[in-house]
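> Read off the chains here:
Protein chains: 2
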Amino acid sequence: MERVTATYLIETPLPVDRAAATLAGEQSSGTFVAVPGETEELKQRFAARVEHIEPLGAVPSPSLPTGRSPAADYQQARVSVSWSIENFGCNLPTLVSTLQGNLYELAQFSGLRLLDFDVPPSFAAAFRGPRFGVEGTRRLTGVTGRPLIGTIIKPSIGLSPEQTAAMVATLAEAGIDFVKDDELMANPPHSPFDARVDAIMRVVNAHADRTGKKVMVAFNISDELDPMLRHYDKVVRAGGTGVMVSLNSVGLAGTKKVTDQGALSVHGHRNGWGMLNRHPMLGMEFAAYQKLWRLAGVDQLHVNGIANKFWEPDESVVRSITACLRPFLGGTVLPVVSSGQWGGQAPETFRLTRTVDLLYMAGGGIMAHPDGAAAGVRALRVWWEAAVQGLTVAEAVQTYPELAVSVAKFGKSG
Amino acid sequence: MERVTATYLIETPLPVDRAAATLAGEQSSGTFVAVPGETEELKQRFAARVEHIEPLGAVPSPSLPTGRSPAADYQQARVSVSWSIENFGCNLPTLVSTLQGNLYELAQFSGLRLLDFDVPPSFAAAFRGPRFGVEGTRRLTGVTGRPLIGTIIKPSIGLSPEQTAAMVATLAEAGIDFVKDDELMANPPHSPFDARVDAIMRVVNAHADRTGKKVMVAFNISDELDPMLRHYDKVVRAGGTGVMVSLNSVGLAGTKKVTDQGALSVHGHRNGWGMLNRHPMLGMEFAAYQKLWRLAGVDQLHVNGIANKFWEPDESVVRSITACLRPFLGGTVLPVVSSGQWGGQAPETFRLTRTVDLLYMAGGGIMAHPDGAAAGVRALRVWWEAAVQGLTVAEAVQTYPELAVSVAKFGKSG
Chain P
11 MERVTATYLI ETPLPVDRAA ATLAGEQSSG TFVAVPGETE ELKQRFAARV
61 EHIEPLGAVP SPSLPTGRSP AADYQQARVS VSWSIENFGC NLPTLVSTLQ
111 GNLYELAQFS GLRLLDFDVP PSFAAAFRGP RFGVEGTRRL TGVTGRPLIG
161 TIIKPSIGLS PEQTAAMVAT LAEAGIDFVK DDELMANPPH SPFDARVDAI
211 MRVVNAHADR TGKKVMVAFN ISDELDPMLR HYDKVVRAGG TGVMVSLNSV
261 GLAGTKKVTD QGALSVHGHR NGWGMLNRHP MLGMEFAAYQ KLWRLAGVDQ
311 LHVNGIANKF WEPDESVVRS ITACLRPFLG GTVLPVVSSG QWGGQAPETF
361 RLTRTVDLLY MAGGGIMAHP DGAAAGVRAL RVWWEAAVQG LTVAEAVQTY
411 PELAVSVAKF GKSG
Chain D
11 MERVTATYLI ETPLPVDRAA ATLAGEQSSG TFVAVPGETE ELKQRFAARV
61 EHIEPLGAVP SPSLPTGRSP AADYQQARVS VSWSIENFGC NLPTLVSTLQ
111 GNLYELAQFS GLRLLDFDVP PSFAAAFRGP RFGVEGTRRL TGVTGRPLIG
161 TIIKPSIGLS PEQTAAMVAT LAEAGIDFVK DDELMANPPH SPFDARVDAI
211 MRVVNAHADR TGKKVMVAFN ISDELDPMLR HYDKVVRAGG TGVMVSLNSV
261 GLAGTKKVTD QGALSVHGHR NGWGMLNRHP MLGMEFAAYQ KLWRLAGVDQ
311 LHVNGIANKF WEPDESVVRS ITACLRPFLG GTVLPVVSSG QWGGQAPETF
361 RLTRTVDLLY MAGGGIMAHP DGAAAGVRAL RVWWEAAVQG LTVAEAVQTY
411 PELAVSVAKF GKSG
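So the protein lines, in turn, are chains P and D. Heads up, the numbering used here is the position in the first sequence plus 10, with the first residue counted as 1. Heads up, the numbering used here is the position in the second sequence plus 10, with the first residue counted as 1.
Looking at chain P on its own, in the form it has when it is part of the complex:
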């Protein structure tokens, strides 16, 4: 029988092998005393199996509260565990409950983090993964050979549909590939979803008729299920090519239902992610997180950016980009680079990842460019040309003097 494997970073006051056995037990048989009916045959068939333990040494104090008296020390280890797919079948939420369940609450662990997991080949038949991903999103936007350049409508909240459409018109004229709503902007009274789609798609469609280039607008449909599907259909009918979902706020079942519609590229916003990832001994790594959302069919996934305004170190961002572009379910998901990006990070981003398969988002970096939005978009494209040529920021400015303006304006924030 095929198996799902997961790797955890654990920290425990117990001997590591006993802690690993507890983890496996909790996530398969799981009770505190032996009960009738729990036969040896049944245990053999359904028990989670500890596949590998790599001890990582001890620390003197617990990373997380344990509710127990202090131990002499706390062992850290990398532990791999596997389950027969007979335990859950192809059921995404139950896969998550199996990978995580009550593990994070066990007093036997003073730290527990899901690092990664792997699914067997049969999952690729049950879960098609992103329908659009890198290739599909490129096809819908007509962008090849360079990152898609995108931006977020700012201010996040408060513009009317007409004001927003006027801004999209400016951005389309400026040559933008992609525009998204902010995650705070979905269907508020002052900018009703349908009116916003109508106003914006009039602009986008007119621009496409004139130039042949259709800007992808990721309308934020995040909501309860029925309005999400209604708004999705509205975007389809209006000739749109994308929607956005706040993944953590909507959840796996709702998001999967959206991606199953199959007509639009789905932009996955990971707001709330810090809660799951920021403490190094709790939650999960992005390597695991991005697989869950690829199973849910999301086409584009936020990965933060180099020299970002958040806490995350660059090397973590690089690992996230790499994870998105590693094949899974036979495809890839488009990494969305954002957070304080203005172009000057392009050389370092390319140097560290060697890819242009990115959606590169700049907010203020475009709209606040001293020479206007068109100059902002143009600068981003040039920054990426320079990046792919292997130029540093200084060399880029040398070769493309127009970039000096963005360095002067944004260099200190970036």
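Honestly, the hints are just simulated from the structure, not real lab data. One or more hints might be untrue.
As the list makes no split between identical chains, a pair holds if one copy fits it or if it spans any two.
Below are the DMTMM-like pairs computed for lysine to aspartate or glutamate, each with C-alpha atoms no more than 25 Å apart in a straight line [what the hints assert, rightly or not]:
#, residue 1, residue 2
1, K223, E50
2, K53, E145
3, K419, E50
4, K244, D270
5, K301, E12
6, K224, D270
7, K224, D27
8, K53, E172
9, K244, E96
10, K301, E61
11, K223, E325
12, K224, D367
13, K223, D128
14, K419, E172
These numbers were taken from a predicted model, which means no experiment stands behind them.
With chain P fixed as given, assemble chain D onto it according to the hints.
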């Protein structure tokens, strides 16, 4: 215009008022440079407002990594922020994105935890909250004046539908009020959902015909949306009264769609919760979490238990129970007490909460009772009688000598 208010525990290397302003800014206007269109009028109307700051002193080192050089110290504070409901309307996922968003990733915070939030009266019209809650679940099970006694089918995984039904028959005979699937057991190949419902409901319905008492079985429907709704209907058609959803794995949109069906009491399992709650300076308090799931209409919500097998201290469990029973949207949600419970914790649970409005779950505590499951259920009821009489464990055993058996068997684990 009505406002939503949220309270956070923060930790920051910045002056507290500046950090609070950053928090409010990120969750309303949110970009790193001023952009055209962000007028003063618009800021006034849509900006999140810092309502209150209560400084809590400083700590020498950051609770979470900041990705920045060390500061002299880190200020902790309780901060209240409010938003006009004009920012999001009655949109549950977008409310969540507004309350949390990218906050947990900001380098300006070395700790951030959502403590609680409040919604204005108009939300009670848009969100009906739990349809069954305490009163409805009591009505469906016919239990009054004492906690509902429940159990989990164990082993968690591996039993066939017939074996499971045989166990439910034993439990029904034993006088149980409530039975649930484990969170690891949904619709696996060896126990297909429909076959399990058929087998179990034959037993439950026959027992109800004979005795007038219908055991509530919370069938775990956690899955993608279409199978969840299909399985929900299956339970309705089979005469069932409950289903279970793994809340964090399914998500808000999927869960709300389930509760909107309105025919069954929905048991909310919080597996994965430790990830959101275990670090004291990250994630959220249960006070906030339970409100989100009440907005999503969940009727029963796990709160752990006194002297549990997890890390959580008793006082936190008590706060959770109290939160569930505090009116919100004009109703309550039934607190589900579980984890290593065997009856001996009843006196302390009652002493600390003064309520019998609980679903009191015991797994091994029932099935592994030395005199069988019926004795196990009987003992739990007696433990609760003793608890309500104000007896301690020792006094309870004095008054009800049959309780000595459970103390001898489980006293050490409990």
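> All hints, please: hold or fail.
Going through the hints against the structure:
When the C-alpha separation of K223 and E50 is checked against a cutoff of 25 Å, the pair qualifies neither within a copy, at 64 Å, nor between copies, at 35 Å. In the homo-oligomer, the alpha carbons of K53 and E145 never lie at most 25 Å apart, since the shortest distance is 44 Å inside one protomer and 39 Å across protomers. For the identical chains of this complex, K419 and E50 are inter-copy neighbours only, at 23 Å across copies versus 69 Å inside a copy, given an alpha-carbon limit of 25 Å. Proximity of K244 to D270 under the C-alpha cut-off of 25 Å is found in both arrangements, the shortest distances being 16 Å within a copy and 23 Å between copies.
In this homomeric assembly, K301 and E12 come within 25 Å of each other (Cα to Cα) only inside a single copy, at 18 Å, whereas the closest approach across copies is 40 Å. Taking identical chains as interchangeable, the C-alpha atoms of K224 and D270 lie at most 25 Å apart only when both belong to the same chain, with a minimum of 23 Å there against 38 Å between chains. Taking the shortest alpha-carbon separations for K224 and D27, neither the intra-copy value of 56 Å nor the inter-copy value of 44 Å comes in at or below 25 Å. In this assembly of identical chains, the alpha carbons of K53 and E172 lie at most 25 Å apart only when taken from different copies (18 Å versus 63 Å within one copy).
Taking the shortest alpha-carbon separations for K244 and E96, only the inter-copy value of 22 Å comes in at or below 25 Å, while the best intra-copy value is 40 Å. Within a single copy, K301 and E61 get their C-alpha atoms as close as 21 Å, which meets the 25 Å cut-off; across copies the closest is 40 Å, which misses it. Within a single copy, K223 and E325 get their C-alpha atoms no closer than 35 Å, and across copies no closer than 60 Å, so neither meets the 25 Å cut-off. Taking identical chains as interchangeable, the C-alpha atoms of K224 and D367 lie at most 25 Å apart only when both belong to the same chain, with a minimum of 19 Å there against 58 Å between chains.
Taking the shortest Cα distances, K223 and D128 never come within 25 Å of each other, neither inside one copy (39 Å) nor across copies (45 Å). Neither within a single protomer nor between protomers do K419 and E172 lie at most 25 Å apart by alpha-carbon distance, with minima of 29 Å and 71 Å respectively.
The structure is inconsistent with the numbered hints 1, 2, 7, 11, 13 and 14, although it conforms to all the rest.
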